[in-house]
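Generate the whole structure from the sequences, applying the supplied hints.
Read off the chains here:
There are 2 protein chains.
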Amino acid sequence: MENNDFVKDITNIDEDFARWYTDIVIKAELADYADTKGCIAIRPYGFAIWEAIKNYADKKFKETGIENVYFPVLIPESLLQKEKDHVEGFAPEVAWVTEAGGEKLDERLCIRPTSETIISTMYSKWLSSWRDLPFLYNQWCSVLRWEKETRPFLRSREFLWQEGHTIHETEKEAQDRTIQMLEIYSDVAENLLAIPVIKGIKTESEKFAGAVATYTIESMTHDGRALQSGTSHYFGQNFTKPFDIKFQNREGKEEYAYQTSWGISTRLIGAIIMAHGDNRGLKLPPKVAPIQVVIVPIAQHKEGVLEKVEELNKKLSDKFRVKVDDRDKYSPGYKFNYWEMKGAPIRLEIGPRDIENNECILVRRDNQEKIKVSLENLENEVSKLLEDIQKNMFEMCKERMKEKTTIATNLEEFKNAMDTNQGFINAMWCGDEECENKIKELTGAKSRCIPFNETKISDKCVCCGKEAKNMVIWARQY
Amino acid sequence: MENNDFVKDITNIDEDFARWYTDIVIKAELADYADTKGCIAIRPYGFAIWEAIKNYADKKFKETGIENVYFPVLIPESLLQKEKDHVEGFAPEVAWVTEAGGEKLDERLCIRPTSETIISTMYSKWLSSWRDLPFLYNQWCSVLRWEKETRPFLRSREFLWQEGHTIHETEKEAQDRTIQMLEIYSDVAENLLAIPVIKGIKTESEKFAGAVATYTIESMTHDGRALQSGTSHYFGQNFTKPFDIKFQNREGKEEYAYQTSWGISTRLIGAIIMAHGDNRGLKLPPKVAPIQVVIVPIAQHKEGVLEKVEELNKKLSDKFRVKVDDRDKYSPGYKFNYWEMKGAPIRLEIGPRDIENNECILVRRDNQEKIKVSLENLENEVSKLLEDIQKNMFEMCKERMKEKTTIATNLEEFKNAMDTNQGFINAMWCGDEECENKIKELTGAKSRCIPFNETKISDKCVCCGKEAKNMVIWARQY
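These protein sequence lines are chains A and B, in that order.
Residue numbering for the first sequence follows this note's numbering, beginning at 1 and increasing consecutively.
Residue numbering for the second sequence follows this note's numbering, beginning at 1 and increasing consecutively.
Simulated from the structure, these hints should not be mistaken for lab results.
Misleading hints may appear alongside valid ones.
[What the hints assert, rightly or not] Simulated crosslink set (DSS-like; lysine-lysine; CA at most 25 Å straight-line):
hint, chain 1, residue 1, chain 2, residue 2
1, A, Lys-62, B, Lys-37
2, A, Lys-59, B, Lys-59
3, B, Lys-148, A, Lys-314
4, B, Lys-62, A, Lys-59
5, A, Lys-125, B, Lys-329
6, B, Lys-148, A, Lys-104
7, B, Lys-319, A, Lys-60
8, A, Lys-60, B, Lys-315
9, A, Lys-315, B, Lys-323
10, B, Lys-37, A, Lys-241
11, B, Lys-27, A, Lys-246
12, A, Lys-37, B, Lys-319
13, A, Lys-60, A, Lys-391
14, B, Lys-37, A, Lys-54
15, B, Lys-384, A, Lys-315
16, A, Lys-84, B, Lys-37
17, A, Lys-59, B, Lys-323
18, A, Lys-253, B, Lys-329
19, B, Lys-148, A, Lys-62
20, B, Lys-287, A, Lys-60
21, A, Lys-54, B, Lys-319
22, B, Lys-148, A, Lys-59
23, B, Lys-60, A, Lys-287
24, A, Lys-59, B, Lys-287
25, A, Lys-323, B, Lys-60
26, B, Lys-104, A, Lys-37
If you're wondering where the values come from, they're calculated on a predicted model, not measured in any experiment.
This is the structure:
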């Protein structure tokens, strides 16, 4: 049977999650491995998801005054060198252009791993007075980081992202902006992608190279690991000083500006797959699904079926993203499996008997529920159902996060929780990097963040037993 | 006086057009030179124009079934080598990555100058049956070509563009697609950017490296030069054979697919500047102007002025892109010059006396006309005026193209026309590249295209006098 073969091709999600993941990426035609090692080609079905994320986020950015720009992809080595921590963090993983136009270059140019350095240089040129501030710029582009181990969407040598870079008159304004953008990221994850996230601040050892503070949204995958899904950095004057970004302040004195940067990437497509998918394949939140309703005709050769299908298609296409699968090469059963694997939120089945009764069947991808609905009510039913699926998918993830979150007060509890119920561990921490390292060594878990809604579990560090400073969320990560 | 200084900074358009152009790019804050040689940073005002072009074109593409995708920026050298003409055309001007992640690479990777090779490789992997066809893919990205002489937007080492790549079952379908996309480009130029273009086919010597045929839209600049503003290529099987892009056709036999590619770029921003600008600065077509109406308050310190301005701003912002310039540092006169230089289509002036009379002044950027309008009617007036400005800007360019187009039947006429009225020359051509070279040498003009609406001027080639094959449009170019 074609049907079974089709599903058999996908690794069981609970047997080998990592392989299940790449199976889905390839089989659902989200992306494919390209001839350039460690890089992927994003196919239409995958790119449409990115476009939905981009459109949503871009609108939110602009509502807060952000403007889009574009800076060169190539950065002269001397610029990358200007901020000490930054170059240490990024230089080992950049790609270098050494020849161009048939000649050796005098100075190597790196392909941007991120654009703080080239943007800061221009900011220095453009800024003179407090009246010019703030600069609230963002660019949608690709960046390159020469990772040793790659995984489509999650850790690709090249990936698409947006990088926002702002400079401000005051520390407070810059800090507020850092948090404001993190809130937008949380909105994108929760309201668009139906993925609950934890917002928090990274510990010293986990922050961005060159930042004063890094804020993060952390999501949880099907197998209880953490996925860093967006970050927002406060730089203070760490870049504005070496890059000489200064302005005449209201008192007529020279002052260095206060800076932020923040980014989300195509990694969010990986987050969707890992948060929502199951053994039937991908499961897409309705708001970003390139196809929200797939219509599968039953007995499509029978008189009137394809005509009715076209009528419904026309009617629904005004409001929803609809696709008719009338391929005569495949059985309805095959198509059911195919579109479940592709994650389409609603399948609409209609055959001769349904047409007689002026009804059709809607099948939900999120919980497999089948609903018979009258064609009179169809648009309303579909609309309500899509909303309900979006909500339910969020709730399912929320529920899982609750189930897979454990409180630990000592290392034994910590290790035990990780071994029996891999997920997030809430535990107190003394603030010492050594304890982070020890926990990593013993359990494979890293500190994810100090959450905004920190609660005090005890007075003692879960690792060393000394006085605790913060509650930290720990997890194994992708 | 601040006002005069401001305008004096810009080179006179008829004295040194090239310098006038770069003055506008910098002063109007469209872009700035970056630290990476030959590359620019596109600033918010320039990027907003690109976004308007992108949104318009992307919608048109999608209406014809095009889907967006993303392919790697780095192309292994071996792939670039596969099509002989293509590598000859592009290899001399690519940038090479030779080191990455701290190591020398085994194989050089070039930054894409265009993506036929990497995309064709994937197409070969994805295509098996005629049922899979067509692939109608497009990507918005940046490309690199290591030009010796650069000019912002027109010839930058890195530029933003879209590149569409399609493969088809039949020659006819691919050829039709090539023309269909050229028609969209013509629509973008004429209806969005208010720039009339000539559509035609390139001569052999001017076509894209690897193409069977290259189609082009050619626009005319203020100084009567040609600007190639978009191209669409028919490849036949030139790439599908070396890249092994084949499918089982309806007869069950293997066949190589038929391919196209087509692109427009940020060069169109250069086209806008060069087609519409004048001695007051940039002149933006209303449809792409980031600011369509700039409100300049008169005597803004007087009671009620800024309140009224805010009221108008609110009312107009629902329908138009509006900006209030209430900077107290500058006089209204300075602001008038400033926004004329930035090319805002309508300036709205309002002061205490206007408010008393419930009216305001609208000033058109295209022809400097001042119109007194009642505040009752404001939205309608602005709407009509923007339409009229858009139309008038197109007509002005159309008129110029007519004035600066000359028919030549021999080389003397040709040379004379070029010297006295630099513009487009319509002249017959025998089809021989030698004649193209000779004309270039004598007059500086190159063949732009054989236009779709070719008319027969005479039987003889304008250069050698032998039997003519086609009418060609010739011009000096940017």
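Subject >> Restraint status (C-alpha distance of A/Lys-253 to B/Lys-329 at most 25 Å) >> reply: Within the cut-off at roughly 18 Å; holds.
**OP:** Mind checking the alpha carbons of A/Lys-84 and B/Lys-37 for me, to see if they're no more than 25 Å apart?
**Re:** Status holds; Cα separation ~24 Å.
**OP:** For the pair we were handed, A/Lys-60 and B/Lys-315, check the Cα-Cα distance against 25 Å.
**Re:** Roughly 22 Å between the alpha carbons, so the hint for A/Lys-60 and B/Lys-315 holds.
Original post:
Are A/Lys-60 and A/Lys-391 close enough, with their CA atoms no more than 25 Å apart?
Top reply: Distance of about 21 Å is within 25 Å: holds.
**OP:** Below or equal to 25 Å on CA atoms is what counts here, so check B/Lys-27 against A/Lys-246.
**Re:** holds (21 Å)
**OP:** Sort out whether B/Lys-319 lies within 25 Å of A/Lys-37, counting only the CA atoms.
**Re:** violated (48 Å)
**OP:** Measure nothing beyond the straight line between the CA atoms of A/Lys-62 and B/Lys-37; if it is 25 Å or shorter, mark the hint as holding.
**Re:** Roughly 31 Å separates the two Cα atoms, so the pair is violated.
Subject >> Pairwise hint evaluation, A/Lys-314 against B/Lys-148, where the allowed Cα distance is 25 Å at most >> reply: violated (53 Å)
Original post:
Is the hinted pair B/Lys-37 and A/Lys-241 satisfied, with a Cα-Cα distance of at most 25 Å?
Top reply: holds (24 Å)
Subject >> Agreement of A/Lys-59 and B/Lys-59 with the hint, judged by alpha carbon distance not exceeding 25 Å >> reply: holds (17 Å)
**OP:** Measure nothing beyond the straight line between the CA atoms of A/Lys-54 and B/Lys-319; if it is 25 Å or shorter, mark the hint as holding.
**Re:** holds (24 Å)
**OP:** For the pair we were handed, B/Lys-148 and A/Lys-104, check the Cα-Cα distance against 25 Å.
**Re:** holds (14 Å)
The structure shown violates the earlier hints numbered 1, 3, 9, 12, 14, 15, 19 and 22.
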